[in-house]
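> Here the protein sequences line up with chains A and B, keeping their order. All letters in the first sequence, in the order written, are residues 1 to 324 by my numbering. All letters in the second sequence, in the order written, are residues 1001 to 1408 by my numbering.
These aren't lab readings, by the way, just hints derived from the structure by calculation. Fair warning: there could be bad hints in the mix.
Heads up, simulated EDC-like pairs for lysine to aspartate or glutamate below, C-alpha to C-alpha not over 16 Å straight-line [what the hints assert, rightly or not]:
| id | chain 1 | residue 1 | chain 2 | residue 2 |
| --- | --- | --- | --- | --- |
| 1 | B | Lys1238 | A | Glu80 |
| 2 | A | Lys253 | B | Glu1335 |
| 3 | A | Lys54 | A | Glu134 |
| 4 | B | Lys1125 | B | Glu1174 |
| 5 | B | Lys1125 | B | Asp1098 |
| 6 | B | Lys1238 | A | Glu41 |
| 7 | A | Lys177 | A | Glu119 |
| 8 | B | Lys1125 | B | Glu1105 |
| 9 | A | Lys253 | B | Asp1098 |
| 10 | A | Lys54 | A | Glu34 |
| 11 | B | Lys1238 | A | Glu77 |
| 12 | A | Lys253 | B | Glu1337 |
Just a sample of chain A residues kept apart from chain B, beta carbon distances all over 12 Å, derived [claimed, not checked]:
| id | residue |
| --- | --- |
| 13 | Lys54 |
| 14 | Gly60 |
| 15 | Tyr78 |
| 16 | Arg123 |
| 17 | Ala141 |
| 18 | Pro199 |
| 19 | Thr307 |
| 20 | Ala323 |
All values reported here derive from a predicted model rather than from experimental measurement. Idealized CB from N, CA, C, for every residue including glycine.
Take a look at the letters that make up each chain.
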Amino acid sequence: MVSGKGGTGKTTAAAALALSLAADGGRVLLVEVEGRQGLAELFGRDPLPYEERKVAEARGGGEVVALAVDAEAALMEYLEMFYGIRRAGQVLTRFGAVDFATTIAPGVRDVLLTGKATEAVRRREGGRRSRREEAPYSYDAVVLDAPPTGRIAQFLCVNAEVAGLARMGPIRNHADKAMATIRSSATAVHFVALPEEMPAQEAADGLAEVREAGLNPGFVLLNMVHEPLLPPDVLEAAEHGEVDTEALAQGLKAARLDAPRDRASALAQEVTAHAQRVGAESAVRRRLRALGRPMLELPFLGGGIDTDALFRLSDRLTAQGVAR
Amino acid sequence: MSGDPTTDPGGPGTPHGPDQPGTPGGPEAPDTPRLDVDALLSDTAVRTVVCCGSGGVGKTTTAAALGLRAAALGRQAVVITVDPARRLAQSMGLSELDNTPRPVELPASFAAPGGSLHAMMLDMKRTFDEIVEAHADPERAQQIMANPFYQSLSAGFTGTQEYMAMEKLGQLREEGDWDLIFVDTPPSRSALDFLDAPERLGRFLDGRLIRLLAAPARTGAFRLLGAGVGMITGMLSKIVGAQVLADVQSFVSSFDAVFGGFQERAERTYRRLQDPGTAFLVVAVPESDAVREAAYFVERLAADRMPLAGLVMNRTHGTGAEDLSAGESMAACAELERQGGHGLAAAALHLHARAADLRDREAALRGRLASAHPDLPVAEVPARTRDVHDLAALREVGDALGGGPPAV
Ligand SMILES: Nc1ncnc2c1ncn2[C@@H]1O[C@H](COP(=O)(O)OP(=O)(O)OP(=O)(O)O)[C@@H](O)[C@H]1O
Ligand SMILES: Nc1ncnc2c1ncn2[C@@H]1O[C@H](COP(=O)(O)OP(=O)(O)O)[C@@H](O)[C@H]1O
Ligand SMILES: [Mg+2]
Ligand SMILES: [Mg+2]
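Okay, chain A solo, but in the shape it has when bound (with noise of 0.2 Å):
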């Protein structure tokens, strides 16, 4: 489960590390669930159905397979499921009564949408006529793009909204399972953060909420890094106004620019400015540190995140020991 504060890069995040999990044959899904075909844009395609896709391969083969549930969709296929009703569905449909439904009780949305993609998660190959306990999995790893911290522990703790609500139909049923799967140590919830103030808070607040709640956290990763390129004594002393002009306007010289002095002094200001949201930046590091989960770095990439980009956002996350 990938989640952060909105904008942090949960979409991005989810889709390079289902790259990295992939690579070298695996075989990863990546699902979303807020009905925004963020993935399919990511991978530059056409809007997903409600299909499982493969999107990519992997590096050294393996693939990502993408699926955007869609809780109607959902809905529709547990009732045909269940109560082999396809028509009384079609009839709910044309009422509104499916979105009414999922709006006055946002729970059953909830349940509906981990119960897919924990269906995935425990799903074995051969299909559902096999069963062989023994047959494997039929994905290595299944990755949720997740809501925002601010919704995730309600959207992960279904099964306290749903047992006030059927309380003992099949979407109970399905809640519990779903529950299961999440609470289990197959599962980990990640966080995104900006090296900023308000998503490294949210980070902090998504991860005490989902501990308390008894499940996993997983990582913290640290989104949007602007890289340094200066030596970390250069950066400090810059950090308080002191950058050597002098030495720079000669370097200007010696690239043979007019006006050394004068740029000398602008791009000290430069100079000075980047070294503090380095220093901003390593302050925002410290204190996700100390939350005491294993972190993940990933550069900002100017020019936007398009697949190629997005391969490389994943070989970050791979030398960082992010595999299968």
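Knowing the structure of chain A, use the given hints to seat chain B with the ligands on it.
Okay, now just chain B with the ligands, sitting in the frame of chain A:
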């Protein structure tokens, strides 16, 4: 070449200060009219400023900074914040969420004579309760508020927070104690959610399914469509549970007795935003998603005849040496690397190239927005190195918005 918002020449003490708002746009960027923030804040006809925009762009920061600046211009201002960062809330003395404006203690140099700042954090549930209490007799109000469905509706329904911000605004305006009310809007992915909230909530509360549940006897129409009412409610209770349905039913019947059609109320609340005493400010950051959202929002405001004052472009980036292009700088950096030595200068040139590249990409985005909306006045706020969480930083953001310290 990668862009890099690392260099923040907007930070204190840099030459790229707020008094140079017109960072050179791209070569073809049309001249953008400048949003005159102080004129807006001093205009006695303007009673409400609503800050809208997509998530995380700086709506709360802008609302608070404007409130502070209004106080500095001698006005009695109140800011309704929705989700201030903890430290920002603390700096304004907002420790509890009690849904009532509290005075913000300002150092003498912050407020002009007669000026003051109040702030409150919106408690959507409390606001909803207040509406119920104001309209229902105590017994019925209790009944409604005890209903589990009402509780989830008032505590976390999509659209409730947005709608309650509007209701709270209405309340404060009626009380009439303030010259200017600043409204921060809830964190949502899309700025449009704010405008859509009343309709969404109204439509839900007056929707046909909820009617059907409330008064099953009057629903012949459903039978005509070939679906038995019993079948629909039966399926619904299989999905959500019979208790939830029963709660919804009893909520609807008591709520109806109090409000009649809720949709009408919601529409009235919405229309109040159209009055000329309201000024919308769209907040954006120079990133493609946010700018696109802002453009949608501007168009929607026009379509709904909502008064738009302008756009705040927050977190813009400039460079210290504007005349040194990204290309030149990178070439010079490569030259130094070839020569060897000059490590500091090479790094500085590399940094500058990143910054200039980012500046150019931002300028291109702004240029695109300006060609689509040439009359939209814009105020810019440079990105700061650190988050904005004290009054001093808020004042600097206000200075950037107003193009310098307030002239009183
Ligand atoms: N390491 C990175 N370098 C540069 N840009 C990045 C990086 N990671 C993410 N982004 C960009 O940041 C933006 C937000 O990323 P993304 O959509 O993955 O976030 P999210 O957390 O899923 O957002 P939401 O909360 O809206 O679902 C996107 O434009 C993405 O391309
Ligand atoms: N110009 C700026 N420079 C640096 N940080 C900023 C700037 N504007 C806003 N921030 C920071 O960005 C974060 C999000 O701002 P906020 O006002 O809470 O956004 P919103 O209300 O739109 O979600 C806050 O931590 C705030 O301090
Ligand atoms: Mg996302
Ligand atoms: Mg906010």
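> Tell me, which hint numbers fail for this structure?
3, 4, 6, 8, 9, 10, 15, 18
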